[in-house]
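S.K.: Whole structure, please, built from the sequences with the hints as guidance.
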Amino acid sequence: MKGSFKLGLLVTIAAGSTIMMGVANSQDSLPAGVTSIKVATPYKGSPLDEIISGWHFRASETQSLQQDDFDNPGYLWVDKGESLWNTVDGEAGKSCASCHNEAAKSMKGVGAEMPKWDAKLKRPLTMEQRINSCRTNNMKAKAWKWEADQMLSMTAFVRNQSRGMPVNVQVDGPMKAWAEKGKEVYYTRVGQLDMSCANCHEANYGKHIRADHLSQGQSNGFPTYRLKWQKLGSLHRRFKGCMKNIRAVPYKRGSDEFVAMEIYLAHRGKGLQVETPAVRN
Amino acid sequence: MMKANSLIAGCAAALMTVMAGSALAEATKPDMVKIDDNKVKSSLTGIKGNAADGKKWFANRKLGNCLACHSNKDMTSKPFHGEIGPPIDGVADRHSEQELRAILVDSKTVLGKETIMPGFYKIKTGARPAKKFKGKTILSGQQVEDIIAYLLTLKE
Numbered sequence: 001m002k003g004s005f006k007l008g009l010l011v012t013i014a015a016g017s018t019i020m021m022g023v024a025n026s027q028d029s030l031p032a033g034v035t036s037i038k039v040a041t042p043y044k045g046s047p048l049d050e051i052i053s054g055w056h057f058r059a060s061e062t063q064s065l066q067q068d069d070f071d072n073p074g075y076l077w078v079d080k081g082e083s084l085w086n087t088v089d090g091e092a093g094k095s096c097a098s099c100h101n102e103a104a105k106s107m108k109g110v111g112a113e114m115p116k117w118d119a120k121l122k123r124p125l126t127m128e129q130r131i132n133s134c135r136t137n138n139m140k141a142k143a144w145k146w147e148a149d150q151m152l153s154m155t156a157f158v159r160n161q162s163r164g165m166p167v168n169v170q171v172d173g174p175m176k177a178w179a180e181k182g183k184e185v186y187y188t189r190v191g192q193l194d195m196s197c198a199n200c201h202e203a204n205y206g207k208h209i210r211a212d213h214l215s216q217g218q219s220n221g222f223p224t225y226r227l228k229w230q231k232l233g234s235l236h237r238r239f240k241g242c243m244k245n246i247r248a249v250p251y252k253r254g255s256d257e258f259v260a261m262e263i264y265l266a267h268r269g270k271g272l273q274v275e276t277p278a279v280r281n
Numbered sequence: 001m002m003k004a005n006s007l008i009a010g011c012a013a014a015l016m017t018v019m020a021g022s023a024l025a026e027a028t029k030p031d032m033v034k035i036d037d038n039k040v041k042s043s044l045t046g047i048k049g050n051a052a053d054g055k056k057w058f059a060n061r062k063l064g065n066c067l068a069c070h071s072n073k074d075m076t077s078k079p080f081h082g083e084i085g086p087p088i089d090g091v092a093d094r095h096s097e098q099e100l101r102a103i104l105v106d107s108k109t110v111l112g113k114e115t116i117m118p119g120f121y122k123i124k125t126g127a128r129p130a131k132k133f134k135g136k137t138i139l140s141g142q143q144v145e146d147i148i149a150y151l152l153t154l155k156e
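Chains as they are written, first to last, in the numbering used here: chain S, 1 to 281; chain W, 1 to 156.
Fair warning: there could be bad hints in the mix.
To be verified - Here are the computed distance ranges between Cβ atoms for each label pair:
| id | chain 1 | residue 1 | chain 2 | residue 2 | range |
| --- | --- | --- | --- | --- | --- |
| 1 | S | Gly-173 | W | Ser-96 | 52 to 58 Å |
| 2 | W | Ile-35 | S | Lys-231 | 44 to 50 Å |
| 3 | S | Asn-281 | W | Ala-51 | 32 to 38 Å |
| 4 | W | Lys-48 | S | Thr-41 | 53 to 59 Å |
| 5 | W | Ser-96 | S | Glu-50 | 48 to 54 Å |
| 6 | S | Ala-203 | W | Asn-60 | 20 to 26 Å |
No wet-lab data here; the hints were simulated from the structure.
Just so you know, even glycine gets a beta-carbon here, dropped at the ideal spot from N, CA and C.
M.R.: Spelled out as structure tokens, the structure:
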């Protein structure tokens, strides 16, 4: 009896030190451009005890790709976005820079607060929708498709100007109904497998579902370079993939349902620092 | 005309016979399965489950995919055991055949509606089911019986 107790104690200590080592590792290293990957004290009413970036749940090989901007494949799109920022397009003969000048100044913080209410259109706009609104109305240029390379480049470039800044999306006033709709989408079970976002990303994050290490499904790194995609992709593309996995008909990119979800999800990650372009598997 | 009519009638009669025959071999329809006291008393098909097949369905990602959530010492050769549900080791010591059947058919009735576990022999699922899977169960009645037969071999 005594022997087995000792053995049990030893195993406990060994397991404890492994866990501590894991924590120490993830605190020692951080993604480039941010000072924290966690919010230890979430906002009042948060369903999470601790808000954690998806970076934390990835293997060290994947993490290392986001620790140096020269290694980060997502920077191909950020760089392309910068050149598009300065490129004249459309009948008005304007580029983004014609009105917004230097993105490092004018766009700083913008990406941390999207989607944002548009008073004229009386609805929230995601970054993609805001860019297309500017292109069609002010530049007299053609709208870009949601997942087009130019759109991914521009959203990555603009959001990258807010890297390291805390996510903080408006969910009161006119945004309240949209955030509530997003919450409803988040908690609704869908598909033949009959699961909601919360079943995996709220109740079971940190655990493995087969080979996948479940994260909180946070959006602070989007658009994100996914190794599975071998390219940068939008948040709505990721939503679609998740819905297909649980054998549901996904909503469309840019649909009101996904816009509402994006708002609610940003709110769930309130305080997390923008990591765009993040690298995930 | 007479000839054509009798031909059609003959075909129809033959078809009816085939349909009746297949209906006899069919499993109890998902909507007709009764869960009483967290148990489903009788086999869904009347055909004894095959444990060796059940073991395959347990690991198959497109069928049971049970391994996605439940670790299993009987399958240490396979990588990536899940951590979502309890380990499946010794499940036969904890549940009877009839209880296992009820959990597999409609987990929410037995484990509570909050469980992440899908009902594997259930038509009513989540909203917006994909066309390919609409109105279909995740597993066939026989696959459920096969998995039960396999689970009953897992004793500690």
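S.K.: None of the hints should be skipped; say for each whether it holds.
M.R.: So, going through the hints one by one against the coordinates:
1. S:Gly-173 with W:Ser-96: 52 to 58 Å: holds (56 Å)
2. W:Ile-35 with S:Lys-231: 44 to 50 Å: Holds: the Cβ-Cβ distance is about 47 Å, inside 44 to 50 Å.
3. S:Asn-281 with W:Ala-51: 32 to 38 Å: holds (35 Å)
4. W:Lys-48 with S:Thr-41: 53 to 59 Å: Since the Cβ atoms of Lys-48 of chain W and Thr-41 of chain S sit about 57 Å apart, the hinted range of 53 to 59 Å holds.
5. W:Ser-96 with S:Glu-50: 48 to 54 Å: violated (40 Å)
6. S:Ala-203 with W:Asn-60: 20 to 26 Å: holds (25 Å)
Going through the hint list in order, the structure does not satisfy hint 5, though it satisfies all others.
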